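The primary structure of each chain is shown beneath.
Protein chains: 2
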Amino acid sequence: MRRKQLVLSVLTALLPFIANAQSTGGKSDFDLMYLIALGSIAALVFAWYLTKQINKKSSGTERMKEISGYIQEGAMAYLRQQYKVVGIFFIALFLLLGFIAWVLPFITGEKWLSEFVPVAFITGGFFSGLAGYVGMRVATKANARTAMASSESLNSGLRVAFDSGTVMGMTVVGLGLLDLALWYLLLRYVFVVPIGEIPPIMITFGMGASSMALFARLGGGIFTKAADVGADLVGKIEAGIPEDDPRNPATIADNVGDNVGDVAGMGADLYESYVGSIVATMALGAVGAIASGYEELAFRYIELPGMIAVVAVLASIFGTFLVKADDNATQKTLLRALRAGIYTATAIISIASFFIVWWLVGMEKIGLWGSMMVGLIAGNVIGYFTEYYTSDNYKPTQNLASTAQTGPATVIIGGIALGMKSTAIPVLTIVIATLGAYFFAGGGLFGLYGIGLAAVGMLSTLGITLATDAYGPVADNAGGIAEMSKMDPQVRKRTDALDALGNTTAATGKGFAIGSAALTALALLAEYGNKIIETLKLDTLNISQWKEAFASAESSGYDSFLVQIDNLWHLSVNLLDPLVLIGLFIGAGLPFLFTAMSMGAVGRAAQAMVEEVRRQFREFPGILLGKDKPDYARCVEISTRGAQREMITPSILAVVAPVVVGILFGPAAVIALLAGALTSGFVLAIMMANSGGAWDNAKKYVESGKFGGKGSDAHKAAIVGDTVGDPFKDTSGPSINILIKLMSMVSIVFVGTTIGLNKLLIALIQSIFG
Amino acid sequence: MRRKQLVLSVLTALLPFIANAQSTGGKSDFDLMYLIALGSIAALVFAWYLTKQINKKSSGTERMKEISGYIQEGAMAYLRQQYKVVGIFFIALFLLLGFIAWVLPFITGEKWLSEFVPVAFITGGFFSGLAGYVGMRVATKANARTAMASSESLNSGLRVAFDSGTVMGMTVVGLGLLDLALWYLLLRYVFVVPIGEIPPIMITFGMGASSMALFARLGGGIFTKAADVGADLVGKIEAGIPEDDPRNPATIADNVGDNVGDVAGMGADLYESYVGSIVATMALGAVGAIASGYEELAFRYIELPGMIAVVAVLASIFGTFLVKADDNATQKTLLRALRAGIYTATAIISIASFFIVWWLVGMEKIGLWGSMMVGLIAGNVIGYFTEYYTSDNYKPTQNLASTAQTGPATVIIGGIALGMKSTAIPVLTIVIATLGAYFFAGGGLFGLYGIGLAAVGMLSTLGITLATDAYGPVADNAGGIAEMSKMDPQVRKRTDALDALGNTTAATGKGFAIGSAALTALALLAEYGNKIIETLKLDTLNISQWKEAFASAESSGYDSFLVQIDNLWHLSVNLLDPLVLIGLFIGAGLPFLFTAMSMGAVGRAAQAMVEEVRRQFREFPGILLGKDKPDYARCVEISTRGAQREMITPSILAVVAPVVVGILFGPAAVIALLAGALTSGFVLAIMMANSGGAWDNAKKYVESGKFGGKGSDAHKAAIVGDTVGDPFKDTSGPSINILIKLMSMVSIVFVGTTIGLNKLLIALIQSIFG
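From first to last, the protein sequence lines are chains A and B.
Quick note on our numbering: the first sequence kicks off at 14 and runs consecutively.
Quick note on our numbering: the second sequence kicks off at 14 and runs consecutively.
Derived by calculation from the structure, the hints in this document are not laboratory data.
Quick caveat, the model's predicted, so the values are computed rather than measured.
Misleading hints may appear alongside valid ones.
One copy or two, either will do: identical chains are not told apart, so a pair holds if it fits within one copy or between any two.
Below, a list of computed lysine-lysine pairs in the DSBU-like style, where the Cα atoms sit at most 35 Å apart [as the list claims (entries may be wrong)]:
hint : residue 1 : residue 2
1    : 772       : 434
2    : 249       : 408
3    : 345       : 719
4    : 65        : 499
5    : 729       : 434
6    : 249       : 719
Bound-form chain A, shown alone (with noise of 0.2 Å):
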């Protein structure tokens, strides 16, 4: 309690900076959230200026426009029919959110959600798709362009599949940000929302951006696994032709897949973390400002995450400008100039943010710039031990890859222990940085802010990282097209150098998304705790706080205090309450039931790929001997088909879930719900990730000669390894991070609605029962 007087005096010192603060930045002045609509056009500009060199490249012989042609065709069939399923689900739940907050308030008199509420969702989702549409448009013109480029050297090769990741990074962070802007500026002048009221609206726009990440994620992760390892399966170990042979029916899907899962799955999925990790620190700073009496400072508080992301964003384009080699650069030489990209846009963010925080609300609470460190510093740690446990420079991996001496099922052991193990210290980390930032942000409510600011910190380089992360799939693409056509072998060996590449800082790209998602969602659960406040009209008191409301409860006789003190009683989700403890329950059960139902799905779609690809087999023998022209776009819609079917049902558990726990057990039960699922779900997360990373640098450790190398034994263990790691680590960990925000924004979202429905079935059990 003595946090919170700390920070109300502190805010009381700060009062005099406010007031000239404020003019400078008030209605009728310029508001900083023109600056940061300003920032992300700057973003969207340069990626548009990136979108057009690329074009201007090379994209090679007929035979590489005819291959690339194909992967692009089929990549923009799965997307068609992508969007048409998504936007069924769209479609209804605005209609389901229409009626509850224009149709139901006639009904009952009593309004149970913003009105802004079905327009928000599905903005959210509409540009998350574009950022995954664009990054993917781009992505497919990239691939025969980057191997032509590579044809000339390593470098050239590098920056044009560089240039295409970057503009998916640009795009995600620009689109992102504007449309938070936009929300912001017309809420805030054209419908005149008060400002307290605008942070939870464009938590909406979060729950749609959530809703298509997660079809993304899942539906990309299905198909590009079902295309793989129907590809692997049938091609190369039933036909005995090499990995992206032209005769193998599969091999088009299998490079779609690349773009689907890898480029517009993580898109989205990066989308919705980025937009999340904002919406949820504005949410929580106008909180935190009003309920300490400053409601005149909280768009301050609003606009802080939204300009540190809009400094970021610079910084990351000046980074990606450093990205460069000679032409005769080593992969350890781009690996440096990688980094250097990464760590320089990261030191100009620390120190220009250092700035922001004190122009924005004083030294006094510069405090809120350790939080937002911490969070940098966090995800650094984690993505460096992700890359630790899962890169082959090191032992965890290569004691691994020994284990494949002893056959599939030790490498299987191994590598579900290495994941297991590797959780402890993402585990610490992020314990540590919540305690970090929210200490540093002074405890209480700005605790909480500080968590998110944290979350917001940690995500705020995305624009490079996401580059860094996005070329690989490219990289990937071009290498089968130089397979594919025939091109000079120098060439894919390049592009596997390439590949390789991004296989390390994509490791690290997931240790920031898992960490991320941790922290966004730690704020959600504090902004969803918000909102049922808001909703029960109830109150958190200090102790000099409940001192007045002894003394005023003194002459009305107690009673409707005492019902204040048994609901914040309630509120406070005792872990030694039953209803909580059920909550927690369920909550650390469903991303288990959640992964089971994705890599089941993975499963059956292979299924249907192994079975089409022999069927081929065998009724057109021309394929084998490169007669016959095999069918591709069979191969995509199969898998395209499987995809859209299987990612439905796990997509509404996640949406269901939370809302059927809070209308059953009330709303302690669904803090409880999100929070077991963000704890388990967090370590199931890093272990599925982690293990699936380890068993694919394993068998690339195998075939680089060790312990027999290709062909070996050990190389066949390594590759069962591998392929289990699949759906581990592209499918089923990736897919936990969105299911563990969704289901927070959701409950966030329909909060009223909830406790609505919970008060109406205590009401009825208790008439049932007298």
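Based on the hints, put chain B in the right spot on chain A.
Same frame as chain A, but now just chain B:
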């Protein structure tokens, strides 16, 4: 709050009955605990009688005696070594506890621990070890006799094996109840400890049993799987000799493993579950009665779980007599016979416990019978679905077997997905059982007691279910002896049938073990909450009590009362408090780290075994020709040493984690840690047990001739699944159950010490930072 009032009014209505009951059950009259002691002695006598019967049977030819002798020798060598290592741990902890309980008070002037704690801790460990020892002693005597009896008929074999399982079951429940009753009588009548303080002391006894169980499960689990994997990898795969071939140096170690892992390990595990559930419930009963102001009733609530257990013991003895069949019985008839025994015992318990509840606490609290029945039913539901997901009579395992056709990778993915999916129903069952038991018991503190009773109910049939569980390894051993001594193949066929039957009942047993662990841990969590309230000298109040407190606080100017509210608020373990959230994170991560350790341990120990077997084959080529005798003892020794070394770190983790978190972050974080570990551990344990069980049976399904049968590619893939599943289901999975409960008990026992040190730490920090 209404619930508490309800309880109060119910208790008031009960007063006349209570006054009456007390006159027949009070100190001056016959204490029911004597009856419980008598019942436990009946179980032990029955076990002794059965042992005599088993010893009378023929143990077969010289060769059979020789092999049985090797196994017995190896098992005893293992146990000697195990008890040596565990002894050091126990002495160290005894000294630490002794220092805190006996020496520290003289230094600080404060009482930190009850003075009985160190001794209670030792006896808990001792009795648990004794139960494991007796069970294993009988099992190693019964194996050759089962083989011999199986040469007569399937039924004769079953009788010997089942009798030895029954000895185990009766020893576990008999020693458990005896120790409980003796401690209770000793504390109550010799040391005249106030009734409310007795159960918490007895929880230390549970902590001793729990520590021993963890060592037994981990050590035994590592031993058995290292020997199993080692024997299979080198013997079956590399040297190409059949299973249980006497030329394999690891074959005796493999058979020893069945005894130290599946008999001694499981015995200690279930001893701990049994005792843990009863003492936790006793403690909650005492708290419930005392907090409701009916201290003179407390002993009734303490006796109730014991009385239910005693009646259950008698019902179980009766049930064992029903397990018999004709000499020409088929496996189906035998399964029916086993079930007849269990279901009859269950029916008797259900009816008898109704009257016990009625008699002890009156018809007005008959809801407690409902709580107990909820547990009994929930156990059966979880057991049924464990069987559904892991038996090859049902779709899930059959489908898993079919994935073996596309290779080991799809089997692994399928098995993990199956295990994860199978967690959903147990989670829902525990959720419903928790709520049901809580509300049947009237909610509030009595509701928590009801949750404990549900755990007692679930484990009440342990005497007979453990018998159906523990006879499996005996049959397994009998098969090994039949093979090695070249008996009629008919014998091996029969012992295989017994073994398969045992697999089915073992699956159900595992369901009970996991379910009861969850409920027991919930009860322990509640008891931990009570201990904190007691240690911090807090009261939980209901609305009318708040009112009174306010009224009396008015005069004193509120201050002390406000501190009280502040403490209460902190105690409430608010899930929105960062310290609680980080406790939850750490808790959710612990089972994963722990599992990583135990899985890694199996891998390393198996590797050592592989090398030893290879060395023997290399240095003594005569072994494979059947000329030289392999060095069996050396393999046993290697596995023993590996197991002992590897079990230390995870065990220390379990003891240290809650204490360190408590000192650093306070008791609320510990509650969160326990809740996080309970929920994520519960789900993980079920997943691992069911994945492992399904892989095992999928392999058997393929071996029965499906998908190509033995020797096919599908079979090879299924073997990979089975090998991965071994440490899942027999080492890591079951150990998680114990981890969860041990951490809870450690938290309870050290609550005073932890809170004291936490306060010191806070004072220290405050003095440094002002």
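Hints versus structure:
no.: 1; hint: 772 x 434; result: between (44 Å within a copy, 32 Å between copies)
no.: 2; hint: 249 x 408; result: both (30 Å within a copy, 31 Å between copies)
no.: 3; hint: 345 x 719; result: within (21 Å within a copy, 52 Å between copies)
no.: 4; hint: 65 x 499; result: within (28 Å within a copy, 80 Å between copies)
no.: 5; hint: 729 x 434; result: both (25 Å within a copy, 29 Å between copies)
no.: 6; hint: 249 x 719; result: both (21 Å within a copy, 26 Å between copies)
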